[in-house]
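What follows is the residue order along each chain.
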Amino acid sequence: MKMRGLMLSAAAGALIGGAQGAVADELTLCWAAWDPANALVELSKDFEAESGHTMSFEFVPWPNFADRMLNELNSGGQLCDLMIGDSQWIGGAAESGHYIKMNDFFEEQGITMDDFLPATVTGYAEWPKGTPNYWALPAYADVVGWTYRKDWFEREDVRADFQEEYGRELTVPETQAELMEVAKFFQGREIDGRTVYGAAIYTERGSEGITMGVTNTLYNYGFEYDNPDQPYDLAGYVNSPEAVEGLEFYKELYDCCTPPGSSDWYMSENIDAYKSGQVALQMNFAFIWPGVEADPNVGGGKSGYFANPEGPGGHFAQLGGQGISVVSYSDSQDAALEYIKWFAQPEIQQRWWDMGGASAMKSVVEAPGFADSQPYAQTFLDSMAIVKDFWAEPAYASLLLAMQDRVHDYVIAGNGTAKEALDALVEDWTEVFEDEGKL
Amino acid sequence: MSNSAIERAAAATPPGVARKIRGLSDRAIAWIFVGPSIFLLLAVNIFPLIWTIRLSFTNYRVNRPNAEVQNVGLRNYERILTDTDIWETMQATAHFLFWTIALQVLFGFALAWLINKKFRGDNFWTTVIVLPMMLSPAVVGNFWTFLYQPQIGLFNYVVGFLSGADPSSFSMIGEVSLAPWAIVIVDTWMWTPFVMLICLAGLRSIPTSIYEAAECDRASPWRQFWTITVPMVLPFLMLAVLFRGIENFKMFDLVVQLTGGGPGSTTELTSINLKREAFEKWRTGYASAYAIILFVTVFGLASIYVKALNKVKER
Chain A
1 MKMRGLMLSA AAGALIGGAQ GAVADELTLC WAAWDPANAL VELSKDFEAE SGHTMSFEFV
61 PWPNFADRML NELNSGGQLC DLMIGDSQWI GGAAESGHYI KMNDFFEEQG ITMDDFLPAT
121 VTGYAEWPKG TPNYWALPAY ADVVGWTYRK DWFEREDVRA DFQEEYGREL TVPETQAELM
181 EVAKFFQGRE IDGRTVYGAA IYTERGSEGI TMGVTNTLYN YGFEYDNPDQ PYDLAGYVNS
241 PEAVEGLEFY KELYDCCTPP GSSDWYMSEN IDAYKSGQVA LQMNFAFIWP GVEADPNVGG
301 GKSGYFANPE GPGGHFAQLG GQGISVVSYS DSQDAALEYI KWFAQPEIQQ RWWDMGGASA
361 MKSVVEAPGF ADSQPYAQTF LDSMAIVKDF WAEPAYASLL LAMQDRVHDY VIAGNGTAKE
421 ALDALVEDWT EVFEDEGKL
Chain B
1 MSNSAIERAA AATPPGVARK IRGLSDRAIA WIFVGPSIFL LLAVNIFPLI WTIRLSFTNY
61 RVNRPNAEVQ NVGLRNYERI LTDTDIWETM QATAHFLFWT IALQVLFGFA LAWLINKKFR
121 GDNFWTTVIV LPMMLSPAVV GNFWTFLYQP QIGLFNYVVG FLSGADPSSF SMIGEVSLAP
181 WAIVIVDTWM WTPFVMLICL AGLRSIPTSI YEAAECDRAS PWRQFWTITV PMVLPFLMLA
241 VLFRGIENFK MFDLVVQLTG GGPGSTTELT SINLKREAFE KWRTGYASAY AIILFVTVFG
301 LASIYVKALN KVKER
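Listed in order, the protein sequences are those of chains A and B.
Just so we're aligned: 375 in the numbering used here is position 375 of the first sequence, and the numbers increase by one with no gaps anywhere.
Just so we're aligned: 191 in the numbering used here is position 191 of the second sequence, and the numbers increase by one with no gaps anywhere.
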């Protein structure tokens, strides 16, 4: 009797479930703990209402994000159903089977990568790079850019001093050389009775900070990761004379124009220095710009934004940002894919931008009026057009740690020369690729 | 009453089980008691050690479960022992160990000696002094980064006030020459109370009759200190050095919070370096070899030290 009752209930449940669509699931989305994550929590409430699934979130602060989440993936953990993982993880996650491949799903649902900015597709979704194998949907477009104190730049006394010192008007830097001049000009200057400094730049040692800052400069001096015609051929590209010049520039910028004690700064320290009025210029990812605009001290027109200035070897900026993937160890893959389908809708992407997220969808960022939608929107577009990214190889962590070590040792500790640092980096990277069987 | 309880328990034991137990030797019963502990020891300590030794001869990477694992012989060991960067981290660790232990012994003993002189409020001051070691190393690391901040840090301000230097003219955790001392200062601040407590226990274990006898023999306080106090506290002090040595050899959290191993690799201790190899680069085989080398080093040094400690105790 009891068994019969249970069977009847199950049959009724199946009928109701069938009528309503998929059974409600509980999804966990893993990402870094930062402002955009809070916006995504708000945005996802619509998905919960629409789908009946419930969402929970696991956000980890940036310095521990890679450690925590890569441990989770490598151990086959089931904490995360959806992962907004860093762009450099894509190679390792694809080859180790942490993410599910999404080509078939995209095809079934009519989601096409042509709808997204090409740089974000290459950076966040593809592995191997340049092939149509997709492991993520571009979720958050980000790039290293610059914020400056527009109110200081507009002051007559400051402009007059700059004119006198450099024989030109104080304008937003368009070249790396101009960036250095502006940073030097503000270093140690008294503004409203307070000593201010030139620039807050990335110098962090523990995770990826100084590498993101250094590459952002090196690209503009002609640094290449390898020979464009022969992959993994590093010598003469990583340590080219142009790359050496770029690294020397970064060290000079650190030595001359940063606040005292900024030897281990990354995103949050730079934000704090800028918002507290310590620095005139701030290097940081674009994700901070909505927060700067909303800040009572530096927002509301007091700040301006510019793309990473051009250098003698070209005009580039370091790519940030992430794609959203479905974790292969998840028991709720169908519901997770449902979330991605929902997230890929143009109107949701538009709301994502409106709420402070950074959409990578063309229909959003190329819409008429987008460039004027926020004070930083045009700079965001300009920056996204010039991006380059770090290695996304499965061994990216070894490549990253080697670069962290070598450039921090030269730029911050002042050991050796730029040439020696990059020569040593070539040796380290060669060893990594030999271990990987790629050389 | 107890006899009846035993009788009841015996009566309740099934005859088959009772027969079996009755037939066991004392040795077998002893094995039954220690067996679970030995099993746990094997499972938790010995098996992982043997497994680590096995992995150290391979190119295994835990993040590539599907990749073929190859035997690489002694290659991992050879690469570690010939890597100049690793020798630099060993040097940084040795510097950290030597200076933290030296300063903690010096200050710990001095504080214990002072506290041992009974004075009003000595218990209160003992509590105040031991407060730092009650804090979490991560918290200590974090707030010392603020104390060392060149623009707002109290440490820089005090040094500037005493020396006349501009507080923002030096960065304790940002300069190669100062960063190793920055971590030594913090560890000394945090763990000197531990050494003090052990020394205090040693000082309070010395019978006053010995000092009284020495005074009858007209021994000066200086002579009493060197011939009574120091020799009798020495075993305690050596024990404290052993504990601090082992702890500081694996120091991680405090230094990661303070300097992250920088500037450059100036404060990258072996434990930080090993963690990066094992859990950031995921070179499991290589990191296993590294761990075995460190284990042999610590085990060897600790064994020699314990022998010396036993000799001192026997005196």
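Hints may be right or wrong, so weigh each one.
[Claimed, not checked] Stretch by stretch, here's where chain A covers chain B in the computed footprint (C-beta under 8 Å, at least three residues):
| hint | segment |
| --- | --- |
| 1 | 132 to 138 |
| 2 | 148 to 157 |
| 3 | 276 to 290 |
Simulated from the structure, these hints should not be mistaken for laboratory data.
Bear in mind the structure is a predicted one, so any value in this text is a computation, not a measurement.
Yeah, the Cβ is synthetic: ideal placement off N, Cα and C, and Gly gets one too.
To test your reading of the hints: which numbers does this structure violate?
Violated hint (a single one): 1; every other hint is consistent with the structure.
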